[in-house]
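Here is what each chain is made of, one letter per residue.
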Amino acid sequence: MSPRTRRQLLQGSAGLLATPLVARTAAAQSAGRVVIIGGGFAGAGCARALRQIAPKIEVKLIEPSATYTACPFSNEVVAGLRDIDAQQFDYKTFRSAGIDVVRDNATAVDAAARRVTLAGGDTLSYDRLVVAPGIDLRWDALPGYDERAAVRMPHAWKAGEQTLLLRRQLEAMADGGTVVMSVPANPYRCPPGPYERASLIAYYLKTQKPRSKLLILDAKDAFSKQRLFTAAWAALYPKLLEWVPLSSGGKVNSVDAMKYTLTTDFDTYKADVANVIPPQRAGRIAEIAGVADRTGWCPVDAVTFESKLQPGIHVIGDAAIAGGMPKSAFAANAQGKICADAIVHLLEGREPTEPRLINTCYSIVAPGYGISIAAVYRPANGQLTEIEGAGGISPLNASLSMRRLEAEYADAWFKTITTDTFG
Amino acid sequence: MKGRASLVTLALLAASMPARAADAPAGATMCSGCHPRTGSAATSIPVINGRDAAEIVTIMEQFRGGKRPATVMDRITKGFAPDEVQAIATWLAEQK
Numbered sequence: 001m002s003p004r005t006r007r008q009l010l011q012g013s014a015g016l017l018a019t020p021l022v023a024r025t026a027a028a029q030s031a032g033r034v035v036i037i038g039g040g041f042a043g044a045g046c047a048r049a050l051r052q053i054a055p056k057i058e059v060k061l062i063e064p065s066a067t068y069t070a071c072p073f074s075n076e077v078v079a080g081l082r083d084i085d086a087q088q089f090d091y092k093t094f095r096s097a098g099i100d101v102v103r104d105n106a107t108a109v110d111a112a113a114r115r116v117t118l119a120g121g122d123t124l125s126y127d128r129l130v131v132a133p134g135i136d137l138r139w140d141a142l143p144g145y146d147e148r149a150a151v152r153m154p155h156a157w158k159a160g161e162q163t164l165l166l167r168r169q170l171e172a173m174a175d176g177g178t179v180v181m182s183v184p185a186n187p188y189r190c191p192p193g194p195y196e197r198a199s200l201i202a203y204y205l206k207t208q209k210p211r212s213k214l215l216i217l218d219a220k221d222a223f224s225k226q227r228l229f230t231a232a233w234a235a236l237y238p239k240l241l242e243w244v245p246l247s248s249g250g251k252v253n254s255v256d257a258m259k260y261t262l263t264t265d266f267d268t269y270k271a272d273v274a275n276v277i278p279p280q281r282a283g284r285i286a287e288i289a290g291v292a293d294r295t296g297w298c299p300v301d302a303v304t305f306e307s308k309l310q311p312g313i314h315v316i317g318d319a320a321i322a323g324g325m326p327k328s329a330f331a332a333n334a335q336g337k338i339c340a341d342a343i344v345h346l347l348e349g350r351e352p353t354e355p356r357l358i359n360t361c362y363s364i365v366a367p368g369y370g371i372s373i374a375a376v377y378r379p380a381n382g383q384l385t386e387i388e389g390a391g392g393i394s395p396l397n398a399s400l401s402m403r404r405l406e407a408e409y410a411d412a413w414f415k416t417i418t419t420d421t422f423g
Numbered sequence: 001m002k003g004r005a006s007l008v009t010l011a012l013l014a015a016s017m018p019a020r021a022a023d024a025p026a027g028a029t030m031c032s033g034c035h036p037r038t039g040s041a042a043t044s045i046p047v048i049n050g051r052d053a054a055e056i057v058t059i060m061e062q063f064r065g066g067k068r069p070a071t072v073m074d075r076i077t078k079g080f081a082p083d084e085v086q087a088i089a090t091w092l093a094e095q096k
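Sequence order for the protein chains is C and S. As numbered in the working numbering, residues 1 to 423 make up the first sequence, in order. As numbered in the working numbering, residues 1 to 96 make up the second sequence, in order.
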């Protein structure tokens with residue numbers, strides 16, 4: 001029940017005469033108030049979808065940055081194949097789409113009173129809240145790796161200055177140097193991302209610094225699109241790139257940023273450039289709002305994305321535990337649309353309909369060489385579950401012209417999804 | 001006076017706006033993750049909004065049956081039953 005309806009009921013007989021007029025006036029202005037925290041692929045996409053479905057809904061998007069730097073394709077920036085400008089988007093078209101962008105940080109959420117407090121002191125009331133904060137890096141999870149260490153050993157897992165820092169370090173490295181990557185256990189943002197990055201760093205080394213080596217220390221034995229990546233690595237980067245899985249002692253237990261060393265159960269590796277992708281959790285506001293569980297991520301309903309921990313609050317994008325769906329930009333944008341549809345239904349007192357969601361993720365292994373994974377999801381036993389017989393990875397035996405076409409489609413996808421999300 | 005007149009116009013416009021768009025069938029809004037909504041954002045992936053519904057259904061069935069060259073659509077089509085494809089195609093045909 002929305003606060004407005006509750007208020008009307010609470011007014012009782014004394015308010016009976018006045019209520020219809022007040023209610024009608026309110027309805028003409030707004031069909032409900034939705035506040036969204038976070039202007040990424042999930043939050044910004046949800047804001048636009050809400051206005052497209054129901055133009056009378058009042059939508060406020062809380063986002064502290066004027067510019068959004070997108071992660072997909074940022075590995076090309078790392079490898080010197082793309083400018084960071086191509087990753088950057090703003091919120092200038094949002095006002096004309098009827099979305100009120102509030103440039104501030106959300107600092108508190110009162111789920112009972114349905115109110116968000118901003119760093120600037122204002123409070124915003126909502127009928128439905130959408131929490132879409134993306135990830136926070138866990139500075140407490142890998143001994144030796146904290147914010148100061150990240151200045152010497154960049155994570156580059158939130159695109160922006162960190163992306164450029166890793167690129168500059170690669171450019172400054174002498175030919176014959178060793179690049180070491182540390183990859184975390186699941187779940188984390190963009191499951192195939194570390195392997196795309198490894199591929200493109202290998203491409204950079206092969207073409208610019210061919211006597212160099214790339215070592216991937218991995219806390220896992222299996223990863224997304226693995227057979228496609230390993231086949232491409234064997235063909236394109238033999239001897240240059242080495243992947244060390246968990247079972248061969250790949251899990252990094254600690255780092256020393258001053259010495260540029262990474263230590264596993266068996267060895268200590270000295271790096272010339274170290275890219276440490278640390279474990280992650282949902283953005284901090286999720287914990288503050290009480291929607292994150294002990295894993296650090298947010299359990300949600302598979303139809304509405306409403307939190308299983310706090311009614312009236314929905315969680316979408318990387319922060320959510322979305323069953324089989326990966327933490328990808330495509331999935332975040334898709335969840336934004338489905339969540340918007342569910343919210344419109346709920347505000348109108350209608351039963352939300354069972355959704356189908358799609359995820360498609362492209363990875364670029366070298367310029368003009370693209371591979372993909374896709375899946376279709378539906379709620380089953382309370383979880384978003386992959387539909388059997390659909391989806392899967394690009395064929396292992398695909399021709400080079402198909403790899404080229406997939407690289408082209410990856411470019412097209414980026415253009416479309418960023419237009420869809422940011423206007 | 002001019003400002004007041006446009007305020008009245010705005011109010012009338014708001015009153016005549018539909019409260020919401022017709023419900024999209026399951027999966028239909030996912031297409032715009034890759035397919036641009038309008039030609040102005042055209043890419044190598046075609047615009048499918050406003051295409052003839054029967055044509056969309058035929059192409060989807062060709063993808064499903066492996067009778068049409070594909071990169072990813074053959075994998076995605078298999079996640080939708082024929083009646084779901086029909087509903088999505090009808091909805092897409094109405095989008096501008």
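Honestly, the hints are just simulated from the structure, not real lab data. Incorrect hints may have been included.
Stated by the list, open to error - Interface residues of chain S toward chain C, partial, derived using beta-carbon atoms under 8 Å:
hint, residue
1, Ala-19
2, Ala-21
3, Ala-26
4, Thr-29
5, Met-30
6, Gly-33
7, Ser-44
8, Asn-49
9, Gly-50
10, Arg-51
11, Asp-52
12, Ile-59
13, Phe-63
14, Gly-66
15, Lys-67
16, Arg-68
Note that beta-carbon positions come from the ideal geometry of N, C-alpha and C, so glycine has one too.
Check your understanding: What are the numbers of the hints that this structure violates, sorted from low to high?
Key -> 8, 9, 10, 11, 12, 13, 14, 15, 16
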